[in-house]
Amino acid sequence: MSSQQRPDAPSPSRVDPFAAHYAARARGMVASEIRALFAVAARPEVVSLAGGMPYISALPLDAVGEMAGQLVADRGAVALQYGSGQGDPGLREGICSVMSLEGIRAHPDEVVVTVGSQQALDLLTRIFVDPGDVVLAEGPSYVGALGTFASYEADVIHVPMDDHGLVPAALAEVLARLAAAGRRAKFLYTCPSFHNPAGVTLPAPRRAAILDICQRAGLPVIEDNPYGLLGFDGEPARALRADDPHVIYMGTFSKTIAPGLRVGWAVAPAGVRDKLVLAAESAVLCHSSLAQLLVREYLATQPWREQVKVFRELYRERRDALLGALQASMPGGCRWTEPAGGFYVWLGRPGIDTKAMLPRAIAARVAYVPGTGFYADGTGVDHLRLSYCFPEPDRIREGVRRLAGVISAELDLRSTFRPIP
Amino acid sequence: MSDLGHVLVLAGGLSAERAVSLRSGDRVLDALRDIGVDADLADADAALIPAITVDPPVAVFPAIHGACGEDGSIREVLALLSVPYVGSTAAASRSAFDKPTAKAAVAAAGLRTPASVTLPRETFHDLGAAAVLERVVARLGLPLFVKPARGGSALGATRVLAADDLPSAMMTCFGYGDTALVEQFVTGTEVAVGVLDLGDGPHALPPVEIHPLSGSYDYAARYTAGQTEFYAPARLPAGLMAQAEHAAVTAHRALGLRDLSRTDLIVSGPDLFFLEVNVAPGMTETSTLPMALTAAGLDLGITCRELLRLAVARGD
Numbered sequence: 001m002s003s004q005q006r007p008d009a010p011s012p013s014r015v016d017p018f019a020a021h022y023a024a025r026a027r028g029m030v031a032s033e034i035r036a037l038f039a040v041a042a043r044p045e046v047v048s049l050a051g052g053m054p055y056i057s058a059l060p061l062d063a064v065g066e067m068a069g070q071l072v073a074d075r076g077a078v079a080l081q082y083g084s085g086q087g088d089p090g091l092r093e094g095i096c097s098v099m100s101l102e103g104i105r106a107h108p109d110e111v112v113v114t115v116g117s118q119q120a121l122d123l124l125t126r127i128f129v130d131p132g133d134v135v136l137a138e139g140p141s142y143v144g145a146l147g148t149f150a151s152y153e154a155d156v157i158h159v160p161m162d163d164h165g166l167v168p169a170a171l172a173e174v175l176a177r178l179a180a181a182g183r184r185a186k187f188l189y190t191c192p193s194f195h196n197p198a199g200v201t202l203p204a205p206r207r208a209a210i211l212d213i214c215q216r217a218g219l220p221v222i223e224d225n226p227y228g229l230l231g232f233d234g235e236p237a238r239a240l241r242a243d244d245p246h247v248i249y250m251g252t253f254s255k256t257i258a259p260g261l262r263v264g265w266a267v268a269p270a271g272v273r274d275k276l277v278l279a280a281e282s283a284v285l286c287h288s289s290l291a292q293l294l295v296r297e298y299l300a301t302q303p304w305r306e307q308v309k310v311f312r313e314l315y316r317e318r319r320d321a322l323l324g325a326l327q328a329s330m331p332g333g334c335r336w337t338e339p340a341g342g343f344y345v346w347l348g349r350p351g352i353d354t355k356a357m358l359p360r361a362i363a364a365r366v367a368y369v370p371g372t373g374f375y376a377d378g379t380g381v382d383h384l385r386l387s388y389c390f391p392e393p394d395r396i397r398e399g400v401r402r403l404a405g406v407i408s409a410e411l412d413l414r415s416t417f418r419p420i421p
Numbered sequence: 422m423s424d425l426g427h428v429l430v431l432a433g434g435l436s437a438e439r440a441v442s443l444r445s446g447d448r449v450l451d452a453l454r455d456i457g458v459d460a461d462l463a464d465a466d467a468a469l470i471p472a473i474t475v476d477p478p479v480a481v482f483p484a485i486h487g488a489c490g491e492d493g494s495i496r497e498v499l500a501l502l503s504v505p506y507v508g509s510t511a512a513a514s515r516s517a518f519d520k521p522t523a524k525a526a527v528a529a530a531g532l533r534t535p536a537s538v539t540l541p542r543e544t545f546h547d548l549g550a551a552a553v554l555e556r557v558v559a560r561l562g563l564p565l566f567v568k569p570a571r572g573g574s575a576l577g578a579t580r581v582l583a584a585d586d587l588p589s590a591m592m593t594c595f596g597y598g599d600t601a602l603v604e605q606f607v608t609g610t611e612v613a614v615g616v617l618d619l620g621d622g623p624h625a626l627p628p629v630e631i632h633p634l635s636g637s638y639d640y641a642a643r644y645t646a647g648q649t650e651f652y653a654p655a656r657l658p659a660g661l662m663a664q665a666e667h668a669a670v671t672a673h674r675a676l677g678l679r680d681l682s683r684t685d686l687i688v689s690g691p692d693l694f695f696l697e698v699n700v701a702p703g704m705t706e707t708s709t710l711p712m713a714l715t716a717a718g719l720d721l722g723i724t725c726r727e728l729l730r731l732a733v734a735r736g737d
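Residue numbers (our numbering), protein chains in the order written: chain G, 1 to 421; chain U, 422 to 737.
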């Protein structure tokens with residue numbers, strides 16, 4: 001066409017004047033059909049079994065509000081001022097007492113407060129990973145972690161899981177394969193309790209086996225434990241960190257108090273901790289003093305252990321509603337995990353494509369997260385994640401009823417075009 | 422403040438194009454408010470009819486894309502409420518939104534459109550997908566373009582280069598609707614031509630030429646700033662430029678459209694093919710109709726206000 005261009009041809013517009021200046025790692029940051037569909041999922045007409053939003057309405061909001069007002073009135077000059085990069089010392093003490101419930105004995109000096117545990121993971125990846133470095137993660141793995149690893153251009157290798165979490169033999173095999181190829185992983189990222197998205201929990205013997213494998217291989221472990229206190233049966237499991245002080249631990253108040261506070265933390269050996277503090281200062285200078293003091297005050301003055309029990313019972317009821325509905329209505333061949341805590345059920349059915357199925361689900365007014373989002377390598381196409389933490393039990397049952405119809409239609413469509421195993 | 426009175430911009434809805442529609446609606450709303458029009462945004466949900474009943478706007482600007490917005494249904498409801506609205510009637514919208522119907526209408530009016538077949542999902546189920554697809558390829562050849570018969574924003578659309586990829590493309594398409602339009606893929610330059618009628622008959626706006634950097638004008642290329650290069654006006658020779666403008670006005674007239682529309686065309690060498698027409702064109706930052714208005718020296722807010730005035734004067 002250039003030979004036919006008019007002499008007064010306009011120059012092109014790419015709409016975004018910075019389009020030619022972005023870094024290569026921004027290449028994947030584009031509009032997506034899946035995100036577009038989630039815009040519909042947020043509507044009340046849709047039963048959303050997609051997002052993992054804690055049920056904040058169960059908090060004593062009046063008491064929290066009163067506490068917040070009093071905090072600003074009494075200590076506003078501190079609460080509204082800059083703070084330290086490592087975080088408020090009093091809060092770090094409180095965090096240590098929270099972690100003690102899972103067997104962790106830590107000193108407040110080892111704790112770095114972060115903007116949710118998501119920032120802890122971002123900073124840790126920044127510290128450890130150069131472009132092209134290998135990171136090990138469960139398959140499937142938390143979508144937010146995969147996004148972080150992608151932004152630092154890590155090469156994510158998934159380690160298979162089963163109904164009891166990460167498979168130690170599979171981890172050993174991956175490490176051997178890497179060693180044979182002359183490569184080594186920078187760390188293992190793992191969510192051992194009430195895994196997101198798989199819902200499974202690593203039993204104690206496997207925890208020991210995995211720590212042993214990693215110690216032998218000199219492989220750092222990053223333990224992500226947002227749901228550890230939200231188990232439905234018995235005492236919380238011992239954290240990996242409880243049995244190995246070299247484990248880098250990430251925690252958050254997003255599930256036990258509220259995600260809007262954006263208060264999480266990392267516990268790390270001294271060398272890593274020092275780098276984390278420097279990286280945190282570089283990223284945000286300091287974290288919200290107000291949010292930190294609010295959490296500190298909440299831990300000191302509110303019956304937070306009782307509140308965690310309230311959350312646990314609420315989520316248990318919803319888990320039961322989801323599992324009961326799945327049992328009652330899912331088509332044959334579907335298989336799902338049965339979580340003993342946390343927020344998620346991982347459901348699979350060979351032959352379906354949960355990403356292609358999502359628009360039909362949205363049209364049927366039910367939403368889930370397609371499985372491919374939880375893998376860095378494009379697998380997971382026949383799985384999906386269901387979250388039971390936010391909808392009321394009756395809505396969960398209705399959502400599953402709708403989803404069952406969608407999966408049946410998907411199976412019919414797939415069998416029309418391709419044989420299903 | 423404008424003397425127009427209180428107007429509503431409708432955006433959102435529950436189709437897969439909700440996110441795009443909200444961006445379109447916000448942009449129209451801002452443009453109207455910038456010139457002093459008393460405008461608010463409303464979603465197409467259960468609160469809409471009570472809100473309109475209690476406080477009827479003088480007119481509505483529908484910026485809802487996809488089903489509900491473009492299939493005529495929301496316009497039918499506005500008519501039931503006796504609220505004037507910008508754009509085509511419900512009946513004309515229905516015809517335009519259904520791509521096979523629109524293709525037949527513009528073909529009868531003399532425009533070329535890629536050869537195609539329209540097949541509902543049940544056909545594959547009842548007759549066997551392999552046999553049907555084999556006949557599709559035998560008739561239309563390759564490459565093909567598969568898209569839902571009703572819908573927009575390239576959702577569910579796939580270019581198919583090899584016959585083996587056709588089943589997958591069909592399944593993607595049927596995610597967004599129960600009827601597929603399978604067209605011959607025409608290689609060329611995509612051009613979007615807006616049509617505006619401010620009371621003196623439909624006029625074409627300057628055609629906008631579209632160059633997705635990925636080579637495919639898919640959802641990401643449409644709605645990620647920087648992923649596509651636009652030329653407004655298009656860099657077409659004068660003859661083709663006139664043909665493109667004529668084609669858009671012809672489509673607008675053939676389908677009995679009103680106020681504004683956008684026709685998507687492919688320019689392939691000296692030939693021009695009609696792809697589809699939109700009765701609620703996108704108004705986002707990366708949408709071509711606002712670019713065409715700018716190229717024509719028109720302001721988005723003033724244009725929308727004048728269309729609202731016409732709707733008020735029309736009274737339906």
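Please note that a few of the clues may not be correct.
As the list claims (entries may be wrong) - Have a look at the derived ranges for each label pair, beta carbon to beta carbon:
| hint | chain 1 | residue 1 | chain 2 | residue 2 | range |
| --- | --- | --- | --- | --- | --- |
| 1 | G | 379 | U | 560 | 32 to 40 angstroms |
| 2 | U | 479 | G | 378 | 49 to 57 angstroms |
| 3 | U | 689 | G | 29 | 29 to 37 angstroms |
| 4 | U | 552 | G | 208 | 54 to 62 angstroms |
| 5 | G | 12 | U | 659 | 33 to 41 angstroms |
It is worth saying that the hints were derived from the structure and are not from the lab.
Built from N, CA and C at the ideal position, the CB exists for glycine as well.
Against the structure, the hints:
| no. | hint | in the structure |
| --- | --- | --- |
| 1 | 379/G - 560/U: 32 to 40 angstroms | holds (36 angstroms) |
| 2 | 479/U - 378/G: 49 to 57 angstroms | holds (52 angstroms) |
| 3 | 689/U - 29/G: 29 to 37 angstroms | holds (33 angstroms) |
| 4 | 552/U - 208/G: 54 to 62 angstroms | holds (58 angstroms) |
| 5 | 12/G - 659/U: 33 to 41 angstroms | violated (20 angstroms) |
Violated hint: 5 only; the structure is consistent with all others.
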